[in-house]
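Trainee: Residue strings, one per chain:
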Amino acid sequence: DTEVTQTPKHLVMGMTNKKSLKCEQHMGHRAMYWYKQKAKKPPELMFVYSYEKLSINESVPSRFSPECPNSSLLNLHLHALQPEDSALYLCASSQVPGGGLSGYTFGSGTRLTVV
Amino acid sequence: SQQGEEDPQALSIQEGENATMNCSYKTSINNLQWYRQNSGRGLVHLILIRSNEREKHSGRLRVTLDTSKKSSSLLITASRAADTASYFCATPTYSGGGADGLTFGKGTHLIIQP
Numbered sequence: 001d002t003e004v005t006q007t008p009k010h011l012v013m014g015m016t017n018k019k020s021l022k023c024e025q026h027m028g029h030r031a032m033y034w035y036k037q038k039a040k041k042p043p044e045l046m047f048v049y050s051y052e053k054l055s056i057n058e059s060v061p062s063r064f065s066p067e068c069p070n071s072s073l074l075n076l077h078l079h080a081l082q083p084e085d086s087a088l089y090l091c092a093s094s095q096v097p098g099g100g101l102s103g104y105t106f107g108s109g110t111r112l113t114v115v
Numbered sequence: 116s117q118q119g120e121e122d123p124q125a126l127s128i129q130e131g132e133n134a135t136m137n138c139s140y141k142t143s144i145n146n147l148q149w150y151r152q153n154s155g156r157g158l159v160h161l162i163l164i165r166s167n168e169r170e171k172h173s174g175r176l177r178v179t180l181d182t183s184k185k186s187s188s189l190l191i192t193a194s195r196a197a198d199t200a201s202y203f204c205a206t207p208t209y210s211g212g213g214a215d216g217l218t219f220g221k222g223t224h225l226i227i228q229p
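Protein sequence lines correspond, in order, to chains A and B.
Heads up: the first sequence runs through residues 1 to 115, numbered per this note's numbering.
Heads up: the second sequence runs through residues 116 to 229, numbered per this note's numbering.
Just so you know, these hints were derived from the structure itself, not from any lab.
From a predicted model like this one, the values you see are computed outputs, not experimental measurements.
Be careful, since some hints might not be right.
Computed cross-link-like contacts, SDA-like style, restricted to lysine to any residue with a CA-CA straight-line distance of at most 25 Å [claimed, not checked]: (1) A:K36 to A:G14; (2) A:K41 to B:L161; (3) B:K141 to A:K22; (4) A:K41 to B:L190; (5) A:K38 to B:K184; (6) A:K36 to B:I162; (7) B:K141 to A:I56; (8) A:K36 to A:L101; (9) A:K40 to B:S166; (10) B:K221 to A:G14; (11) A:K22 to B:A197; (12) B:K184 to B:K221; (13) A:K9 to B:A134; (14) A:K41 to A:D1; (15) A:K19 to A:K38; (16) B:K185 to B:R151; (17) B:K185 to A:S102; (18) A:K9 to A:D85; (19) A:K40 to B:V159; (20) A:K41 to B:V159; (21) A:K41 to B:E168; (22) A:K40 to B:T135; (23) A:K38 to A:S20; (24) A:K38 to B:K221; (25) A:K36 to B:E120; (26) A:K9 to A:S86; (27) B:K221 to A:L45.
What the simulated footprint calls covered on chain A by chain B, stretch by stretch (three residues with Cβ under 8 Å from a Cβ of chain B suffice, anywhere in the stretch; the number is not a length) [unchecked claim]: (28) 71-80; (29) 87-101; (30) 105-111.
Every residue gets a Cβ at the ideal spot worked out from N, C-alpha and C, and that includes glycine.
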């Protein structure tokens, strides 16, 4: 298995909703990441989990809450989002933090719309 | 902050021609990576070049790295319609504990005209 699987692919949520994005990989990668990407912009790093510990939190608002239940799973819990949080949310993994020799493997993303 | 800056921001060429994209970065790097993204979906890792390498090939891709100029280029030879995508360079960011995430450049949107 050489994929990162993200669910759901699309999500529409109201500003008072609570939802979760899920990410799964079975490549034995020990680093997992959440990125946010707005249209026509590069991905921006949100969170890094290294060996299942949160190591980077790029000053992301508390309405985004990451969770790493085990080395294969990564969740992003969403609560009280704003319309400007609408974006493509990408999960990625790598063998070691920083990518090592094989770079990152990205999921296909969750397209989130906040109404 | 953006570590890498690609140029051009957009490039349109005829199928069969070669496409060259450039990337500049600001700080010292351990490696530089290139990714492709189709239609706002996930990114695909294309090639990684280490700081002690000057050139690397993978199929129709050729990447060069000039650490003295803090720049890299990606050449796609004999372009195909399927190469239409956005291309990003990316460099690892480092904290006291070692390498962390990747910082991406602004990207080049490549269009291959049939």
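Trainee: Are the hints correct? Go through all of them and say.
Mentor: The hints, checked one at a time:
1. For the given pair, K36 (chain A) sits about 19 Å from G14 (chain A) by alpha-carbon distance, which is consistent with the 25 Å threshold.
2. Between K41 (chain A) and L161 (chain B), the direct Cα distance comes to roughly 19 Å. Compliance with the 25 Å bound is thereby established for this hinted pair.
3. A hinted pair counts as satisfied when its Cα atoms are at most 25 Å apart, and K141 (chain B) with K22 (chain A) does not qualify at roughly 34 Å.
4. Using a Cα cut-off of 25 Å, the hinted pair K41 (chain A) and L190 (chain B) holds, with the two alpha carbons roughly 22 Å apart.
5. At most 25 Å may separate the alpha-carbon atoms for a hinted pair to count; K38 (chain A) and K184 (chain B) exceed this at roughly 30 Å.
6. A distance of roughly 22 Å separates the Cα atoms of K36 (chain A) and I162 (chain B); the hinted pair therefore holds under the 25 Å criterion.
7. For the suggested pair K141 (chain B) and I56 (chain A), the alpha carbons sit about 21 Å apart, so the restraint of at most 25 Å is met.
8. Between K36 (chain A) and L101 (chain A) the alpha-carbon distance is near 24 Å, which keeps this suggested pair within the 25 Å criterion.
9. About 29 Å separates the Cα atoms of K40 (chain A) and S166 (chain B), which puts this hinted pair outside 25 Å; it is violated.
10. Among the hinted pairs, K221 (chain B) with G14 (chain A) is inconsistent with the structure: their alpha-carbon atoms are about 30 Å apart, more than 25 Å.
11. With a C-alpha separation of about 29 Å, the suggested pair K22 (chain A) and A197 (chain B) falls outside the 25 Å cut-off, and the hint is violated.
12. Among the hinted pairs, K184 (chain B) with K221 (chain B) is consistent with the structure: their alpha-carbon atoms are about 19 Å apart, no more than 25 Å.
13. At most 25 Å may separate the alpha-carbon atoms for a hinted pair to count; K9 (chain A) and A134 (chain B) exceed this at roughly 32 Å.
14. A distance of roughly 30 Å separates the Cα atoms of K41 (chain A) and D1 (chain A); the hinted pair therefore is violated under the 25 Å criterion.
15. Distance hint between K19 (chain A) and K38 (chain A) is fulfilled; the C-alpha atoms sit about 19 Å from each other, no more than 25 Å.
16. Restraint check for K185 (chain B) and R151 (chain B): the C-alpha separation of about 21 Å stays at or below 25 Å, so the hint holds.
17. Among the hinted pairs, K185 (chain B) with S102 (chain A) is consistent with the structure: their alpha-carbon atoms are about 21 Å apart, no more than 25 Å.
18. For the proposed pair K9 (chain A) and D85 (chain A), the alpha carbon gap of about 16 Å is at most 25 Å, so the pair holds.
19. Restraint check: the Cα-Cα separation between K40 (chain A) and V159 (chain B) comes to about 17 Å, which is no more than 25 Å; the hinted pair holds.
20. For the proposed pair K41 (chain A) and V159 (chain B), the alpha carbon gap of about 16 Å is at most 25 Å, so the pair holds.
21. Among the hinted pairs, K41 (chain A) with E168 (chain B) is inconsistent with the structure: their alpha-carbon atoms are about 29 Å apart, more than 25 Å.
22. About 20 Å separates the Cα atoms of K40 (chain A) and T135 (chain B), which keeps this hinted pair within 25 Å; it holds.
23. For the hint linking K38 (chain A) to S20 (chain A), the alpha-carbon distance of about 19 Å falls within 25 Å, and the restraint holds.
24. Between K38 (chain A) and K221 (chain B) the CA atoms are separated by roughly 12 Å; this keeps the pair inside 25 Å, and the hint holds.
25. The straight-line distance between the Cα atoms of K36 (chain A) and E120 (chain B) is roughly 18 Å, inside the 25 Å bound, and the hint therefore holds.
26. The hinted pair formed by K9 (chain A) and S86 (chain A) meets the criterion: a straight-line CA distance of about 13 Å does not exceed 25 Å.
27. Distance hint between K221 (chain B) and L45 (chain A) is fulfilled; the C-alpha atoms sit about 14 Å from each other, no more than 25 Å.
28. Three residues within the 8 Å Cβ limit are the bar, and the region 71-80 of chain A against chain B gives 0, so the coverage statement is violated.
29. Counting residues of the region 87-101 of chain A whose beta carbon lies closer than 8 Å to any beta carbon of chain B gives 8, which meets the minimum of three for the stated coverage.
30. A count of 6 residues in the region 105-111 of chain A with a Cβ less than 8 Å from any Cβ of chain B is obtained; the coverage claim is therefore met, three being the minimum.
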